[in-house]
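4 protein chains.
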Amino acid sequence: MLAKIPYSKTNDYTREQADERIKLVSSETNSNLHHISQYSFDPALVAGNIENFSGVAQVPMGLTGPLQVNGEYASGQFYIPMATTEGTLVASYNRGMKIASLAGGVTTTILDDAMNRGAAFIFKNAVYARDFGKWINDNFESLKTISEETTSIGKLKDINQYQVGKIKWIRFNFTTGDAAGQNMVNKAAHRACEWIHTQKPKGLEGFKFGTQLDSDKKHSLINALTVRGKKVCAEITLSKELMEQVLHTTPEKFFKFKSISTLGAYIGQAVSNGSHIANGLTALFIATGQDVANIAESSAGYYYGDILENGDLYFSITIPALIVGTYGGGTGLPTQRECLEIMDCYGAGKVNKFAEIAAAVALSGELSLASAIIADEFVASHDKYGRNRP
Amino acid sequence: MLAKIPYSKTNDYTREQADERIKLVSSETNSNLHHISQYSFDPALVAGNIENFSGVAQVPMGLTGPLQVNGEYASGQFYIPMATTEGTLVASYNRGMKIASLAGGVTTTILDDAMNRGAAFIFKNAVYARDFGKWINDNFESLKTISEETTSIGKLKDINQYQVGKIKWIRFNFTTGDAAGQNMVNKAAHRACEWIHTQKPKGLEGFKFGTQLDSDKKHSLINALTVRGKKVCAEITLSKELMEQVLHTTPEKFFKFKSISTLGAYIGQAVSNGSHIANGLTALFIATGQDVANIAESSAGYYYGDILENGDLYFSITIPALIVGTYGGGTGLPTQRECLEIMDCYGAGKVNKFAEIAAAVALSGELSLASAIIADEFVASHDKYGRNRP
Amino acid sequence: MLAKIPYSKTNDYTREQADERIKLVSSETNSNLHHISQYSFDPALVAGNIENFSGVAQVPMGLTGPLQVNGEYASGQFYIPMATTEGTLVASYNRGMKIASLAGGVTTTILDDAMNRGAAFIFKNAVYARDFGKWINDNFESLKTISEETTSIGKLKDINQYQVGKIKWIRFNFTTGDAAGQNMVNKAAHRACEWIHTQKPKGLEGFKFGTQLDSDKKHSLINALTVRGKKVCAEITLSKELMEQVLHTTPEKFFKFKSISTLGAYIGQAVSNGSHIANGLTALFIATGQDVANIAESSAGYYYGDILENGDLYFSITIPALIVGTYGGGTGLPTQRECLEIMDCYGAGKVNKFAEIAAAVALSGELSLASAIIADEFVASHDKYGRNRP
Amino acid sequence: MLAKIPYSKTNDYTREQADERIKLVSSETNSNLHHISQYSFDPALVAGNIENFSGVAQVPMGLTGPLQVNGEYASGQFYIPMATTEGTLVASYNRGMKIASLAGGVTTTILDDAMNRGAAFIFKNAVYARDFGKWINDNFESLKTISEETTSIGKLKDINQYQVGKIKWIRFNFTTGDAAGQNMVNKAAHRACEWIHTQKPKGLEGFKFGTQLDSDKKHSLINALTVRGKKVCAEITLSKELMEQVLHTTPEKFFKFKSISTLGAYIGQAVSNGSHIANGLTALFIATGQDVANIAESSAGYYYGDILENGDLYFSITIPALIVGTYGGGTGLPTQRECLEIMDCYGAGKVNKFAEIAAAVALSGELSLASAIIADEFVASHDKYGRNRP
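Protein chains in written order, with this note's numbering: chain A, 28 to 417; chain B, 28 to 417; chain C, 28 to 417; chain D, 28 to 417.
Extracted from the complex, chain A is given alone in its bound form (with noise of 0.2 Å):
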């Protein structure tokens, strides 16, 4: 039988505490625990991040870049810090970021903006579940007020409805400021469901809440068809000879390509046409103090191309999941803050900014990637960079 280890309780985030729990670890399981226990902070400012801190995961991280970015919030050259084990992605989204740079840089737009939570309200007919939805509609204003009581920031942009049966499912839609916002959302969500039974609409039997429809941490297509987090696009245009130069391919081949690479995602079902968006947000998301789980649903996103009449390649990526933060969450953590620091997207009023970096980012990757496959370099690179592989 192992001990118990020590539980967090309020204001036990000292060194101590947390060697305390390395200690009774390494001596319960025989291991050595010497680097997890080398940090550059004090333990106290992860009280709200962590329970049971014990120390820390030392990633490694990469600076790339600089990447030009031609947003309507981060205009401008951007270096990108990259937090990875996996050998050969900060040379591919690095080489990306060069190539979109020679092309004029990635253009960024931020399409839509909420993050969400909901519950199923179940009625005792489908009649009653049916007029529940115009209740919510009437009742739009109280629901903002109550459900904003919770939150000094989110406020509730729409909700969505549902139905199936006597089940009526309620998605509210709140802005968030600058927080990525999950647990924001979740308070005033459940206020408002709280305060809708009350109410007492008729027929109502109760809810429950959660429940699928807002899909937190998985992709589903209602996030991909509404929006959750930021809805972002990144552009480029890629001129013939840069394409032939750099990529050593072409705008046709580049084009074929990707339109076979559309009919695959398409009949797998798969939850995006692009290559690999999940590496560099993942390591964009470690870096700077994201909720990292939230890749479950940032990772899919749509490539659309086209040849344009003059012959250059079109190319956009569309995240319609980006969940990020600049405020709140781990933003604040000492190596996470330095690397929003280093895009100047720390705190308040940034969240816009870094969401068009992060789709310009992972536009760098779908590049570079698409087009070492095109060109037959992928294997090659990987075998170079990606050294002490198996």
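Warning: the hint list may mix true and false statements.
Note that the list lumps identical chains together, so a pair holds whenever it fits in one copy or between two copies.
As the list claims (entries may be wrong) - List of simulated lysine-lysine pairs, DSS-like, C-alpha gap at most 30 Å:
#1 K171 - K161
#2 K227 - K182
#3 K283 - K227
#4 K151 - K171
#5 K151 - K50
#6 K229 - K171
#7 K184 - K36
#8 K229 - K151
#9 K161 - K280
#10 K36 - K171
#11 K50 - K280
Derived by calculation from the structure, the hints in this document are not laboratory data.
Keep in mind the model is a prediction, meaning the values are calculated, not measured.
We have chain A already, so just place chains B, C and D on it with the hints.
Chains B, C and D alone, transformed into the frame defined by chain A:
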């Protein structure tokens, strides 16, 4: 114009080179990058894991458990290291592990195992493409020999085929020992594709590597219906008494709640009817040097539950694409290796054990969150632990 | 070389012209085409319904019922005409109707109503496409006026938007009175698109009509999450006693069976977790002159069931894209009109009534087949009725 | 209260009995049911095809073609009978057939062939369920022998497996000769399941027949990725000149249009990126006595196109679940058999020929509608032919 970051070259994994990058970026962006530079290992260690190495992300780690696992490879009690910046996550999983252990532990089973890579072979017409399918079957042994020349570990298991029009997608499935194996399989599959090309099957016009039916770094239904990485099942039986006393709910309430959740996941086409598999696996992946971007795939999972004849609740989670390794990738880095060693999961012969533990962790989190939502303790517990949220 | 079939021209809907075609094909193919030529109406009646009119398919029809429907538009007992060539189908639905009536009848509710058509508007870049979304909202009243000029019946209800890259898909939703309305909506939406084009919204390069986000003649998740045609729910409550005595099963067994079926539908991404909605609706559609190809969309539907506190079973089917009409299309043809008249569903003001009856028919079939499978009487009953099968 | 309709009993397929039903319903509902009673055959013929036989639906039929098909089974010119009540449909398909024939005809290929039925086997735990998978493989020959005892035609081809938790879904795939084969496969699979049950595989608790992974009468991704019925491909090459002169478009415009349509189908998760496969197949199915409800499955299909090096357009449609028969079901009924005979497709040894013709018809309709939309002639042609629409 920002200055270029000195690019990784062979043998430049030194603290000097890393600091030079930090200094440059610090100076160009007027940032104070103190913490990123704090790491406890020789940068030479991360050659092969990252390019442009500049420092580390320090991700807070919580030690949790012990968790009782009753698997075919993992049997006994385990402490679980989790690296995250999301308050409440560790507390929630820790609670789940406690309950799971109280209930006798989590039973784990590896159902299937393969890493995949494919290509689209394009023919003159659909007849050639169809007949190529037979050619592939007839040449399986040659394909096995050829592809396995690139690896001492990977073994070609079988080959899937899908045809649309004159395109035949081929998906090679390999076992990859204790490595997650994406790079291994890239090389082996690429070699097989090149060999096919030299054999000039009738009517072949060319092939495009990748093209999405292997669904790398993105969820797809093909992955979910077959396997990518390990397909693992975690199961537990919860007595009526335990559910009432500890989870403050009943088997019947739980069953109904999940039946509505499953319907919600189905109609919104969420990739999981589980609650938040992504949370626990992401924290475990960061701690143990996994390729965290694979959360895109590994976050999908299926809950199935049943009320047994004696009234107890059967509860299971099946994860069809759990992509993990205990050798290669980031597993050998300092903090990462220590975390694997805590569970005696570092190195050769350990990957199935680690996959089973990971599935047990996922189940613990499902247990904890679902029951908190049902007992309506969800928002309250986030308030308690996620204290500094906006 | 086969001879050309004389092509339909205005006013050629005569028996002579039809017989000439039959004679030609008969002679060219050495076939004896006696039965096709047997019809009981003046061919002039089918002008507007078919070109190259040559005769009829005689599809066997069974009269079933009575079925008790308790809807907002359909209230009372109805005989149901079903045209099919599949043995057992009529018997199975008839059994379901009997049981449903015994249980007090099927309660039906129309949840939503719209026929859709759309187009992809292509812009110079994503910003223009996004801002066009606002333009559409600002110009809703103009779009309504313009589009409704093409129809005396259709009313523009709302407009959905979806953006990927520089493409903005617009989906116009109309109510269409008693017609299924696809053609009506085609014209109205096309007029709206042309008008938009003349207004030169900033950055617009062109539009492509259709392009799949309206999902005509095919199931899509967009249709299922919104509505296409009528979204209708049919519900019934089955007492424990009835289930045991008549269906030879119990609420608990039924509930568990459907819980596994729903999981099966979810993991295989079937468009329905119902058993065979397509069967009953197809037979009803053929009998009543509906556009039978819409079975592609109308066959999708969601089962949701619950065990009530008193132990009875709540059972519902929600069909999100039931496309029906009681006016226009084939509804006025001789046998088709007679079938509608049997249910007092022919002509103006009847479409909601007919939609409710159709949903009640679908539920009857679900009830019958699911309980037959559970009681393991399924294969036996097919043996009994499908006598001449190989 | 409406009177009960006299129920079908053995040997009651007489005109007297049918008329009695008509009279009863006519009298109870005050309807004049003249036309339903007009049919040209002895009701004894429809025993096994319908219960409660009362008359017929007379569905207008248009003869179209000739269509040039260059298949492995269908080779030459064919007239195509289409039964529909939707104006423009026949004209549109006829135009497509003309163009297809002008272009040298449609090349057709049967890619795969199987009818499926399955069951969920439920075990004590996931280990038993997994090991049952091996048991199934080891007992394949016995399962083949046992299941084939129920049919002189069906042959067990292979067995798919899918596991979630302690449930193992088994999907039996049979070839079914010239019958569509759903009933044949029901019986054979049911026998196999019962036999498995008697063999008491370790840990088996029971099985549920059906449960959706065979996806009968509904589209599913499992069907689309594997096969249900015939998987058929139809291909054509259209010269630049033909496209310009006859279709009033160009290969480039067509290619781009379909690339946007495919993206639209992908993001909305439509089951087809084709335009309206359902239309032509439904009309053909009604005419030829197919099980029309299978349009639920057969309406799904994948377009893939390419611009060839000489600038011509390659155009293909792949239908993964074309469910057809030329023997059994409704194929032997009077008008239905005549329609099959027009194409020399009635009876034994003809099913592959018919499947190829059906796919060629589907391609003709795609060609016609897509080019009409691109050339913007779509709404105009509906105006012309669908004259009596509201």
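Checklist entry - Within a copy, between copies, both or neither: where do K161 and K280 come within 30 Å Cα-Cα? => result For K161 and K280, only the inter-copy Cα distance (29 Å) is at most 30 Å; the intra-copy one is 52 Å.
Item to check | K229 and K171: within-copy, between-copy, both or neither at 30 Å Cα | outcome: within (21 Å within a copy, 34 Å between copies)
Checklist entry - At most 30 Å between C-alpha atoms: does K171 with K161 qualify within a copy, between copies, both, or neither? => result Both: 16 Å inside a copy, 23 Å across copies.
Checklist entry - Between K50 and K280, at a C-alpha cutoff of 30 Å, which is it: within one copy, between copies, both, or neither? => result neither (58 Å within a copy, 41 Å between copies)
Next on the checklist: Treating 30 Å as the Cα threshold, decide for K36 and K171: within, between, both or neither.
Outcome noted: neither (35 Å within a copy, 56 Å between copies)
Checklist entry - How would you classify K184 and K36 at a CA-CA limit of 30 Å: within, between, both, or neither? => result This pair counts as neither: shortest intra-copy Cα distance 37 Å, inter-copy 50 Å.
Checklist entry - Should K227 paired with K182 be assigned to within, between, both, or neither, using CA atoms and 30 Å as the limit? => result within (24 Å within a copy, 34 Å between copies)
Next on the checklist: At most 30 Å between CA atoms: does that hold for K151 and K50 within a copy, between copies, both, or neither?
Outcome noted: Classified as neither; 57 Å inside a copy, 41 Å across copies.
Next on the checklist: Treating 30 Å as the Cα threshold, decide for K283 and K227: within, between, both or neither.
Outcome noted: Answer is between: at 22 Å across copies they meet the 30 Å cutoff, but 57 Å inside does not.
Item to check | Up to 30 Å CA-CA - K151 versus K229, copy category | outcome: Answer is within; shortest intra-copy Cα gap is 9 Å, inter-copy 43 Å.
Checklist entry - When no copy is named, should K151 and K171 be tagged within, between, both, or neither for a Cα gap of at most 30 Å? => result Classified as within: same-chain Cα gap 26 Å, cross-chain 37 Å, threshold 30 Å.
Of the numbered hints stated above, those contradicted by the structure are hints 5, 7, 10, 11, listed in ascending order.
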